[in-house]
Structure formats: structure tokens, C-alpha cells
Amino acid sequence: MQNKLSFHQSSASIEIIGLPDYSNNENKDQISIISQWKLTIVDKPLIEGKIEHLKPIMDAFYTYSNLLIKNEIPIYESKLIDIKADNLYIHNIVLKSSKPNVKPLVLKIGNSLLSDTINCFDQLNESPKVRIKKTDIATKMPKKLRFRLNKKVKFFNFFIPPFIAICSLVLFSSSFIYFYSPFENIEIKELINPE
Amino acid sequence: MRKSYVTNNLKLNEFDALIRITVEMSKYLYPYIRELLKSKEEIGENSVIWNDFNKRFIELIKERFNIDSMRVKKLLNQAENDEIITKSLLILSFCISNQGYQKLKNFLYDF
Numbered sequence: 021m022q023n024k025l026s027f028h029q030s031s032a033s034i035e036i037i038g039l040p041d042y043s044n045n046e047n048k049d050q051i052s053i054i055s056q057w058k059l060t061i062v063d064k065p066l067i068e069g070k071i072e073h074l075k076p077i078m079d080a081f082y083t084y085s086n087l088l089i090k091n092e093i094p095i096y097e098s099k100l101i102d103i104k105a106d107n108l109y110i111h112n113i114v115l116k117s118s119k120p121n122v123k124p125l126v127l128k129i130g131n132s133l134l135s136d137t138i139n140c141f142d143q144l145n146e147s148p149k150v151r152i153k154k155t156d157i158a159t160k161m162p163k164k165l166r167f168r169l170n171k172k173v174k175f176f177n178f179f180i181p182p183f184i185a186i187c188s189l190v191l192f193s194s195s196f197i198y199f200y201s202p203f204e205n206i207e208i209k210e211l212i213n214p215e
Numbered sequence: 010m011r012k013s014y015v016t017n018n019l020k021l022n023e024f025d026a027l028i029r030i031t032v033e034m035s036k037y038l039y040p041y042i043r044e045l046l047k048s049k050e051e052i053g054e055n056s057v058i059w060n061d062f063n064k065r066f067i068e069l070i071k072e073r074f075n076i077d078s079m080r081v082k083k084l085l086n087q088a089e090n091d092e093i094i095t096k097s098l099l100i101l102s103f104c105i106s107n108q109g110y111q112k113l114k115n116f117l118y119d120f
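Those protein sequence lines, which keep their order, are chains A and U.
Residue 215, in the working numbering, is where the first sequence stops; the numbers in between run on with no holes.
Residue 120, in the working numbering, is where the second sequence stops; the numbers in between run on with no holes.
Possibly wrong hints are sitting among the right ones.
Pairs of lysine-lysine, DSS-like flavour, derived with a Cα cap of 25 angstroms [as the list claims (entries may be wrong)]:
#1 A:K104 <-> U:K47
#2 U:K96 <-> A:K149
#3 A:K153 <-> U:K114
#4 U:K114 <-> A:K64
It should be emphasised that the hints constitute simulated quantities derived from the structure, not laboratory data.
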């Protein structure tokens, strides 16, 4: 008897079917060996597949949503799935079958369905009852960014005060050029005391 | 951008607290956010819900932001602010999970 778990968010739901890994002393209601999954989006054809398809599809949705938000060109292309934006509100999804002679499935979803689907994947990722290789594209802060942030703060704290000090010194002292001219003084002295 | 003559820097714990409040509010308001996003999907249709939201958004901006700033003027322009509002709503709608706090923080750091 296989276990079934469903995660719902408004118009989208994902169903995971599989078995617990008894060799790891897991509970009866746990799912570690996924045999099938189904993604249902209202008014759209059913999307289903094997475990090896689930992770790339989840990654595609996460990467695409990140691109969409970060003002980058929102295009994701892979062997299994392509996602492109028609405009800011409509997204084109092309699901390619691994079987030969099967036409790709084309879906058009709006922002509301995209966010429902992402939230379903979030629930699946966070569920303690399903053990899958977690997708952490959206939650993990890139190391590069962390480094950049720290470095930026440190750089500014370290260099900005002396830089401003030097600039103000240069500006302040440049104004004295108009007040004191040593050459003119020497010439005047020479005129007064011609020897 | 704020209508204030005092420049107080936000402390890290205050920044964290604001993110937590925002995430909790977006969880609570998700059906409304979703409806707003959906209202823009029908091409060429100016929905009542979106217009009401946009009107209130502009009212609040005028009330609390420095309207002489160019960036704020962009927010007030109804023809230009659609993209900013849609992206902000999308960010909020992606952050309603238990890890929403971390997600929103990362989105903001990436901005």
C-alpha cells in the first residue's frame, strides 16, 4: 500500500505517491521513495511524471520566478521544460516528453497560478513527511552576495571617512590659493628695497 | 524617499522585524494579493479591484513619501507603476511559506 500526500494552494495542488524507507526506520506515513507525482492546475491539463522529473521542474519554476522578480530576462530553457514570459502577467510553459513522438505540452499561466504553483512546491519542500532533495534556490542567500555585502559594508566603513577628509582638505586648501601668492610678495619686496 | 527630515538608519533587528511582519501580513492577505494579480491577467481589461488598489496606493504614497523625488514621481504615475506594483505583489505572494522570511530577505538583498 502506497502513501499519498497532497499539498494545496488555491487553484494548484501537488500529489506525491510513494513509500517510506523502512531500512531507515521511517514512520509508516513518511514518503522517501517517490513513485509518482501529479501537479494539478485548475483549467489546465494534468502534469505528472517520475521522481527524476520532479526536481528539474521545481528548479525551473524557482529559477524562473527569481528571474522574473530580479528584472532579468525571464527565460528558462532545459531538456525537460521551457518557461518564457509572454508579458509581465502571462507565462508560457512548454513541457517536453522524454518519450519519442510525443508532442510537447504547452500551458499558459498567469501570475496567480504561478504563485499558487510556487507555494505548492514550497509546502512540499518544507514538509517533514516527504524526503526529497530540497530545492533551496530561493531560500539560500548566495555566498557571493553575502561576501559582497560584507565587503561592501567594510569597504565603505574603512575608506569613506578618510576619503571625505582628504577631499575636504583639498577643497579647503585650494581656496587659500587666492589669498596668498608668495611670488607676488617677493616682487613687492624687491620693489620697495631695490639693492 | 520618505517625507521626513530626520534620517534615522534602520537597525538590523528592526529590519528583521519589519520583514517578519510583512511575511505574516502577506500570508493573511494572500487571497487578496492573488485576486489582484489575477485581475491584470485579462488583457485590455481595467478591473475595479486593480483600480481601487492603485488609487489607494497613490493616496498613501502622496501622504507618506516625498513627492518631489523623481523615484516617487515614477511610483505615482499610473501608466508606469503597474510593473513595480505587480513585481512587489509577486514577491509578497512567493513569500507566504514557513521559509518566507528567509525568501523575502534574500529578495530584498538582491534588489
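Against the structure, the hints come out as follows:
1. A:K104 <-> U:K47: Holds. A:K104 to U:K47 sits at ~18 angstroms (cutoff 25 angstroms).
2. U:K96 <-> A:K149: Roughly 32 angstroms between the alpha carbons, so the hint for U:K96 and A:K149 is violated.
3. A:K153 <-> U:K114: Given that 25 angstroms is the threshold and the Cα spacing comes to 23 angstroms, the pair holds.
4. U:K114 <-> A:K64: violated (33 angstroms)
Of the numbered hints given earlier, the model fails hints 2 and 4; all others are met.
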